[in-house]
Amino acid sequence: MALLQISEPGQSTAPHQHKLAVGIDLGTTNSLVATVRSGLSSVLVDDDGHALLPSVVRYLPDGSIDVGYSAQAAQSQDPTNTIISAKRFMGRGLKDIDVSQQPYHFIDSNEMVQIETRAGIKSPVEISAEILKTLKTRAEKSLSGELVGVVITVPAYFDDAQRQATKDAARLAGLNVLRLLNEPTAAAVAYGLNNASEGTYVIYDLGGGTFDISILKLAKGVFEVLATNGDSALGGDDFDRRVFCWILEQSKCKPVNAQDTRLLLTKAREAKEWLTDHATAQITSVLSTGELVNITLSTKQFNELTQTLVTKTLTPTKKALRDANLTIDDIKGVVMVGGATRMPQIRLAVADFFKQTPLTNLDPDKVVALGAAIQANTLAGNKSESDLLLLDVIPLSLGLETMGGLVEKVIPRNSTLPIARAQEFTTFKDGQTAMSIHVLQGERELVMDCRSLARFELRGIPPMVAGAARIRVTFTVDADGLLSVSARETTSNIEANIVVKPSYGLSEEQILTMLKSSFSEAENDKNARLLAEAKVDAESLLAAINMALEQDGSLLNAKEKQKIISQMDALQANIHGGVGDAIRKATEVLNAATEDFAAKRMDASVSRALAGKNLNSLEI
Amino acid sequence: MAISLTPAAANRVEKFLANRGKGIGLRLGVKTTGCSGMAYTLEFVDDLNPEDMAFDSHGVKVIVDPKSLAYIDGTELDFTKEGLNEGFKFNNPNVKDECGCGESFTV
Numbered sequence: 003m004a005l006l007q008i009s010e011p012g013q014s015t016a017p018h019q020h021k022l023a024v025g026i027d028l029g030t031t032n033s034l035v036a037t038v039r040s041g042l043s044s045v046l047v048d049d050d051g052h053a054l055l056p057s058v059v060r061y062l063p064d065g066s067i068d069v070g071y072s073a074q075a076a077q078s079q080d081p082t083n084t085i086i087s088a089k090r091f092m093g094r095g096l097k098d099i100d101v102s103q104q105p106y107h108f109i110d111s112n113e114m115v116q117i118e119t120r121a122g123i124k125s126p127v128e129i130s131a132e133i134l135k136t137l138k139t140r141a142e143k144s145l146s147g148e149l150v151g152v153v154i155t156v157p158a159y160f161d162d163a164q165r166q167a168t169k170d171a172a173r174l175a176g177l178n179v180l181r182l183l184n185e186p187t188a189a190a191v192a193y194g195l196n197n198a199s200e201g202t203y204v205i206y207d208l209g210g211g212t213f214d215i216s217i218l219k220l221a222k223g224v225f226e227v228l229a230t231n232g233d234s235a236l237g238g239d240d241f242d243r244r245v246f247c248w249i250l251e252q253s254k255c256k257p258v259n260a261q262d263t264r265l266l267l268t269k270a271r272e273a274k275e276w277l278t279d280h281a282t283a284q285i286t287s288v289l290s291t292g293e294l295v296n297i298t299l300s301t302k303q304f305n306e307l308t309q310t311l312v313t314k315t316l317t318p319t320k321k322a323l324r325d326a327n328l329t330i331d332d333i334k335g336v337v338m339v340g341g342a343t344r345m346p347q348i349r350l351a352v353a354d355f356f357k358q359t360p361l362t363n364l365d366p367d368k369v370v371a372l373g374a375a376i377q378a379n380t381l382a383g384n385k386s387e388s389d390l391l392l393l394d395v396i397p398l399s400l401g402l403e404t405m406g407g408l409v410e411k412v413i414p415r416n417s418t419l420p421i422a423r424a425q426e427f428t429t430f431k432d433g434q435t436a437m438s439i440h441v442l443q444g445e446r447e448l449v450m451d452c453r454s455l456a457r458f459e460l461r462g463i464p465p466m467v468a469g470a471a472r473i474r475v476t477f478t479v480d481a482d483g484l485l486s487v488s489a490r491e492t493t494s495n496i497e498a499n500i501v502v503k504p505s506y507g508l509s510e511e512q513i514l515t516m517l518k519s520s521f522s523e524a525e526n527d528k529n530a531r532l533l534a535e536a537k538v539d540a541e542s543l544l545a546a547i548n549m550a551l552e553q554d555g556s557l558l559n560a561k562e563k564q565k566i567i568s569q570m571d572a573l574q575a576n577i578h579g580g581v582g583d584a585i586r587k588a589t590e591v592l593n594a595a596t597e598d599f600a601a602k603r604m605d606a607s608v609s610r611a612l613a614g615k616n617l618n619s620l621e622i
Numbered sequence: 469m470a471i472s473l474t475p476a477a478a479n480r481v482e483k484f485l486a487n488r489g490k491g492i493g494l495r496l497g498v499k500t501t502g503c504s505g506m507a508y509t510l511e512f513v514d515d516l517n518p519e520d521m522a523f524d525s526h527g528v529k530v531i532v533d534p535k536s537l538a539y540i541d542g543t544e545l546d547f548t549k550e551g552l553n554e555g556f557k558f559n560n561p562n563v564k565d566e567c568g569c570g571e572s573f574t575v
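Here the protein sequences come in this chain order: A and B. The first sequence begins at 3 in the numbering used here and counts up by one. The second sequence begins at 469 in the numbering used here and counts up by one.
Among the hints, erroneous ones may be present.
As the list claims (entries may be wrong) - With a Cα cut of at most 27 Å, we get these calculated DSSO-like pairs of lysine-lysine:
{"id": "1", "chain 1": "A", "residue 1": "Lys-385", "chain 2": "B", "residue 2": "Lys-490"}
{"id": "2", "chain 1": "A", "residue 1": "Lys-21", "chain 2": "B", "residue 2": "Lys-549"}
{"id": "3", "chain 1": "A", "residue 1": "Lys-143", "chain 2": "B", "residue 2": "Lys-557"}
{"id": "4", "chain 1": "A", "residue 1": "Lys-385", "chain 2": "A", "residue 2": "Lys-21"}
{"id": "5", "chain 1": "A", "residue 1": "Lys-334", "chain 2": "B", "residue 2": "Lys-499"}
{"id": "6", "chain 1": "A", "residue 1": "Lys-219", "chain 2": "A", "residue 2": "Lys-431"}
{"id": "7", "chain 1": "B", "residue 1": "Lys-529", "chain 2": "A", "residue 2": "Lys-385"}
{"id": "8", "chain 1": "A", "residue 1": "Lys-219", "chain 2": "A", "residue 2": "Lys-314"}
{"id": "9", "chain 1": "A", "residue 1": "Lys-143", "chain 2": "B", "residue 2": "Lys-483"}
{"id": "10", "chain 1": "A", "residue 1": "Lys-602", "chain 2": "A", "residue 2": "Lys-565"}
{"id": "11", "chain 1": "B", "residue 1": "Lys-564", "chain 2": "A", "residue 2": "Lys-385"}
{"id": "12", "chain 1": "B", "residue 1": "Lys-490", "chain 2": "A", "residue 2": "Lys-21"}
{"id": "13", "chain 1": "A", "residue 1": "Lys-587", "chain 2": "A", "residue 2": "Lys-561"}
{"id": "14", "chain 1": "A", "residue 1": "Lys-334", "chain 2": "B", "residue 2": "Lys-564"}
{"id": "15", "chain 1": "A", "residue 1": "Lys-219", "chain 2": "A", "residue 2": "Lys-334"}
{"id": "16", "chain 1": "B", "residue 1": "Lys-535", "chain 2": "B", "residue 2": "Lys-564"}
{"id": "17", "chain 1": "A", "residue 1": "Lys-135", "chain 2": "A", "residue 2": "Lys-169"}
{"id": "18", "chain 1": "A", "residue 1": "Lys-357", "chain 2": "A", "residue 2": "Lys-219"}
{"id": "19", "chain 1": "A", "residue 1": "Lys-431", "chain 2": "A", "residue 2": "Lys-587"}
{"id": "20", "chain 1": "A", "residue 1": "Lys-431", "chain 2": "B", "residue 2": "Lys-529"}
{"id": "21", "chain 1": "A", "residue 1": "Lys-587", "chain 2": "A", "residue 2": "Lys-563"}
{"id": "22", "chain 1": "B", "residue 1": "Lys-499", "chain 2": "A", "residue 2": "Lys-21"}
{"id": "23", "chain 1": "A", "residue 1": "Lys-302", "chain 2": "A", "residue 2": "Lys-254"}
{"id": "24", "chain 1": "B", "residue 1": "Lys-535", "chain 2": "A", "residue 2": "Lys-143"}
{"id": "25", "chain 1": "B", "residue 1": "Lys-483", "chain 2": "A", "residue 2": "Lys-21"}
{"id": "26", "chain 1": "B", "residue 1": "Lys-483", "chain 2": "B", "residue 2": "Lys-529"}
{"id": "27", "chain 1": "B", "residue 1": "Lys-499", "chain 2": "A", "residue 2": "Lys-135"}
{"id": "28", "chain 1": "A", "residue 1": "Lys-314", "chain 2": "A", "residue 2": "Lys-302"}
{"id": "29", "chain 1": "B", "residue 1": "Lys-557", "chain 2": "A", "residue 2": "Lys-385"}
{"id": "30", "chain 1": "A", "residue 1": "Lys-357", "chain 2": "A", "residue 2": "Lys-320"}
{"id": "31", "chain 1": "A", "residue 1": "Lys-143", "chain 2": "A", "residue 2": "Lys-169"}
{"id": "32", "chain 1": "A", "residue 1": "Lys-219", "chain 2": "B", "residue 2": "Lys-490"}
{"id": "33", "chain 1": "A", "residue 1": "Lys-385", "chain 2": "B", "residue 2": "Lys-549"}
{"id": "34", "chain 1": "A", "residue 1": "Lys-385", "chain 2": "B", "residue 2": "Lys-535"}
{"id": "35", "chain 1": "A", "residue 1": "Lys-314", "chain 2": "A", "residue 2": "Lys-334"}
{"id": "36", "chain 1": "B", "residue 1": "Lys-499", "chain 2": "B", "residue 2": "Lys-529"}
{"id": "37", "chain 1": "B", "residue 1": "Lys-535", "chain 2": "B", "residue 2": "Lys-490"}
It is worth saying that the hints were derived from the structure and are not from the lab. As the structure is a computational prediction, the values presented were derived from the model and not from experiment.
Turn these sequences into a full structure, and let the hints steer you where they fit.
Put into structure tokens, the structure is as follows:
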């Protein structure tokens, strides 16, 4: 008998068509999988009741692959074939890694580093895929069915290569990625839904290998990212390493081999965890050389050893606050994420910095997976449309180039995803049959100050007078941040489109720099826009008059014609001069100077239209 | 006759309703799809329909529409674990035959 879960009203699925979806926190140290059952997000456990899966993969001599606790236990005996913290190598080249700190045989290839094991050369993507496969099996056993999709979380600081590597690992594991979600956003989802609080929150996420600080504004179910910062090479592992070095120092050991390094690092981690609830930790171990290590680590010593690491987390925290233009008084709550935030000195330091007790009511190890599961459930379509959460926002405005090198914003920054916006444009010249669409990202007014994303052309516009064509340009950004732009000429229905990835490839820092410059350069940008607009107006007037002179120049006597031409020359000179006000003034003068000409043309065209016609034949 | 919940099921439903933050009870029903004709549905209830029948079982309001009741009258809803899987199970005395997995049935 199949076991059923409670659905939202009207959302019951047909038999055998359950939309099973899970959230996966693919962590540096530990990974988890969670799902929503009967509306409640919960972490799925393995046969032994463990929620955490150590992110450790071991390639055994018999060709089999071990993942999790058993692999972790073998770390010290088989360090070169037991890969821990593979997430640190995702999408990274050899030059990005401090090789001296790692026991592995690295091979640099195809830009992403690879590791030589007894099972052959393995990429971090393949290693991560093993972890994901294990979680997939666990989930399918727990849910008695195949997964339709997963949401996998990644640190906010992951760049394009690292995100792509994560997606590749999922595909290798046979998982359909509904979406990659930033870890802090996932934590906010878990807390935001459960507590339904509004306000500005800080997510302090100290995991095994990464530190992320995010400032999120929660309002009416919409999460707006105000600022993010962090350190992609700071985490619980570094605390272990400090203790490890201290052990070597205290016990006056000679430099130890790879096996003993693993062993002592494990001991260091155990001591760190023990000190969360105890005043002292005993570290006892026999090294492969026969040397005995037996020392006591007190909380006080541990705090002194790791004080600089704790302080190191506060620098990005201050930066993020500054970027968001906030002070600690604006922060309504601080959410603690990541196993390392169990350390009392971290909680104290955070409480001290923000002058408030951080929120810890959800398990800091599970909170990201729980949030990812909630998101996966929504994306898989198990919630009614009205409950759909709008989570991510566009970091920078998206727009396109218009005449004069100006950027017309189509989707403003901080719009929530998914979003579609359309705007109508027209042709600038008579008989124009093609239009170049230049897609840009940024807050500045001029094309040269924004980032170019893509260019494409809409061809085959029927020849019409300037301004008569109606070209509808639609910008669509889907839930993954994937932008597609389409342009359609509405009278003839010809269409062209392009797909671009906007936010990837831009680092958080670049985004911040671009944002800041839009504020500091606001006045210059305004003037530049006014100047560019004045030029466009002037040029379109000149083009129109040129056309008119060509067609109806005979209506003017030489003197009149000369007057207009000299005014046109004056305007042309002003365009080159580059002073907005002067251009506008010269445009007005030229406009006035051609009023008589315009009137003459009107009369001429009316008399042409009426020529030879009987009054009665006109339908007046 | 009536619809009832086992204490384990009632306990779970209460927990899920509390977590959801809204809802007045649990709706049991059948719809005519599936490989054996009928399929069970299990949903949270936000709004009552005028024809709905309501039962109270261990403090949980159980709601059934009269058409569905004909097929599931006397059902006891249980909450069980099977290996790593857990969920609700219909113990329906009206069932004559069900498909291999038990998600759909005939009466």
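Results for each hint:
no., hint, verdict
1, Lys-385(A) - Lys-490(B), "holds, 14 Å"
2, Lys-21(A) - Lys-549(B), "holds, 20 Å"
3, Lys-143(A) - Lys-557(B), "holds, 18 Å"
4, Lys-385(A) - Lys-21(A), "holds, 11 Å"
5, Lys-334(A) - Lys-499(B), "violated, 47 Å"
6, Lys-219(A) - Lys-431(A), "violated, 46 Å"
7, Lys-529(B) - Lys-385(A), "holds, 22 Å"
8, Lys-219(A) - Lys-314(A), "holds, 24 Å"
9, Lys-143(A) - Lys-483(B), "holds, 24 Å"
10, Lys-602(A) - Lys-565(A), "holds, 16 Å"
11, Lys-564(B) - Lys-385(A), "violated, 33 Å"
12, Lys-490(B) - Lys-21(A), "holds, 23 Å"
13, Lys-587(A) - Lys-561(A), "holds, 23 Å"
14, Lys-334(A) - Lys-564(B), "violated, 58 Å"
15, Lys-219(A) - Lys-334(A), "holds, 10 Å"
16, Lys-535(B) - Lys-564(B), "holds, 18 Å"
17, Lys-135(A) - Lys-169(A), "holds, 13 Å"
18, Lys-357(A) - Lys-219(A), "holds, 19 Å"
19, Lys-431(A) - Lys-587(A), "holds, 23 Å"
20, Lys-431(A) - Lys-529(B), "violated, 70 Å"
21, Lys-587(A) - Lys-563(A), "holds, 20 Å"
22, Lys-499(B) - Lys-21(A), "holds, 18 Å"
23, Lys-302(A) - Lys-254(A), "holds, 21 Å"
24, Lys-535(B) - Lys-143(A), "violated, 35 Å"
25, Lys-483(B) - Lys-21(A), "holds, 22 Å"
26, Lys-483(B) - Lys-529(B), "holds, 13 Å"
27, Lys-499(B) - Lys-135(A), "violated, 36 Å"
28, Lys-314(A) - Lys-302(A), "holds, 19 Å"
29, Lys-557(B) - Lys-385(A), "holds, 22 Å"
30, Lys-357(A) - Lys-320(A), "holds, 14 Å"
31, Lys-143(A) - Lys-169(A), "holds, 23 Å"
32, Lys-219(A) - Lys-490(B), "holds, 24 Å"
33, Lys-385(A) - Lys-549(B), "holds, 24 Å"
34, Lys-385(A) - Lys-535(B), "holds, 25 Å"
35, Lys-314(A) - Lys-334(A), "holds, 23 Å"
36, Lys-499(B) - Lys-529(B), "holds, 21 Å"
37, Lys-535(B) - Lys-490(B), "holds, 26 Å"
Checked against the numbered hints given earlier, this structure breaks hints 5, 6, 11, 14, 20, 24, 27; the rest are met.
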